[in-house]
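Undergrad: Add 391 to the 1-based position in the sequence shown for our numbering, that's all there is to it.
Keep in mind the hints are simulated off the structure, nothing from the lab. All figures in this text were calculated on a predicted structure; none of them were measured in a lab. Check before you lean on any hint, since a few could be wrong.
[As the list claims (entries may be wrong)] DSS-like mimics (lysine-lysine), calculated; alpha carbons at most 27 Å apart, straight line: (1) Lys786 to Lys797; (2) Lys590 to Lys579; (3) Lys451 to Lys627; (4) Lys590 to Lys511.
[Unchecked claim] Derived DEER-like restraints, expressed as beta-carbon distance ranges: (5) Arg488 to Arg521: 47 to 53 Å; (6) Arg585 to Arg535: 15 to 21 Å; (7) Lys786 to Gln665: 52 to 58 Å.
Note that CB positions come from ideal geometry on N, CA and C, so glycine has one too.
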Amino acid sequence: MAPNGDDDAESAGSGEGGCGGGFDERDATALDTCDARTRGVAWRTGSTDSSTGALERETKALARMQQRLVTEAQQTLAALYEAEAIAQESAARDARRRQQLALQQHRQTRERAATQQRTKLRVTSVLQDRALLQAAQRREAERRQRESEARRQAARREQQQQRDERRRQEAETRLAPVDRVALQLRQKQESYLREAADKTRRATTLLREQQQEAERARLQDAQLREDAAEAARARKLEQDAHARALLASRIEREDARARALKEQRQRLLRRRQQLQQRVDRQKHELLESFYRLQTRSRLEADASGSGGSDGRESDADDDDDDDDCHQAVDDDDANNDKLHDAIFRAEVDGLRRELNAELLRVLEAEHHAEEQREHLAAQVADAAERDRMESVFSKERSHASERILKLTERHDRALAARIAQLQEAKR
392 MAPNGDDDAE SAGSGEGGCG GGFDERDATA LDTCDARTRG VAWRTGSTDS STGALERETK
452 ALARMQQRLV TEAQQTLAAL YEAEAIAQES AARDARRRQQ LALQQHRQTR ERAATQQRTK
512 LRVTSVLQDR ALLQAAQRRE AERRQRESEA RRQAARREQQ QQRDERRRQE AETRLAPVDR
572 VALQLRQKQE SYLREAADKT RRATTLLREQ QQEAERARLQ DAQLREDAAE AARARKLEQD
632 AHARALLASR IEREDARARA LKEQRQRLLR RRQQLQQRVD RQKHELLESF YRLQTRSRLE
692 ADASGSGGSD GRESDADDDD DDDDCHQAVD DDDANNDKLH DAIFRAEVDG LRRELNAELL
752 RVLEAEHHAE EQREHLAAQV ADAAERDRME SVFSKERSHA SERILKLTER HDRALAARIA
812 QLQEAKR
């Protein structure tokens, strides 16, 4: 009979360990069978001290389990706070970027308004020059008309002079030779005066034509400058459109990251609530089991000398106790799997945050480089040099886009490799 008693004690010890480690989601039947088995062991040993020691070990095991669950809840809460801080930081960065975009749009609006005002002033100046030119043309037409009238008057006077000349010629025959010489001198003087007037008139006409040619050249130069300014504005608008598209794409990616962080935060909140409910439930079950064990240990101590029928019944129920304890161990394995899943998600999310931070740094560097390009292009006045710089800047933008695409692909490969590594470690 002694060996049988030792075997029962050993199986009882293993049963206590199994029941102590599996308080998660235990049904009432398994708890009652474990309590009945505990009463059987206490009756067979006949020792109140042994039952008290088992109760203390059970209490310590329950305390360790409760401490482990509290630690897991604290770790989950820390991860939740970290995710919330990251989400707030991302929202602040989005707000700053939107503010910068609004300021840039406001500055561009002011520049366009200033450009329109300068264009309006130039158009007004051209219209004024045109009005002055038309007035000059009218004055020239009036002057020509006056000259024509003067020529007609001169022709009339010349005819009159010819008539007078004929009269004088007729009179010359009657005048002395001295009068004839004096008349010839006067005629030569008048001829010289007419030639001088003609030369003056031709010089005035040539000067007026030169002035008109200079005015046409000035208008053509103004038109060329206006065309160059229009081309510069078109290039500026194209650059602004490219910058806005790049910034919009960046904001869209940041919004996607913010949504992902928000979803992660919601998952962590749900996980925290589940863990809190689980801790509360297990705490309640542990306290209830502790009170039951205390009550039953006192009852067993009082009923230890009442008879042996209960012991024989507990020996018949040992096999059922082992099955219930195995079920508790399976529940522990399921909880461990959940813990591994939580650790897996935390590591993957941490790696994803690091990769996103690296990509964000690259995008900010490219944005700074784009601002420097715009500043350099604005300082160049030569159209050919500006075109050359725009060609170089286009190549730099293309290289930056390829670099960002390669970095994104490398991040995807690193994340996939890390997930595969964690899954392999889990198996």
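Undergrad: Against each hint, give a clear statement of whether it holds in the structure.
TA: Now for the hints, and whether the structure bears them out:
1. Lys786 to Lys797: holds, 17 Å
2. Lys590 to Lys579: holds, 17 Å
3. Lys451 to Lys627: violated, 75 Å
4. Lys590 to Lys511: violated, 44 Å
5. Arg488 to Arg521: 47 to 53 Å: holds, 48 Å
6. Arg585 to Arg535: 15 to 21 Å: holds, 19 Å
7. Lys786 to Gln665: 52 to 58 Å: Holds, at about 54 Å.
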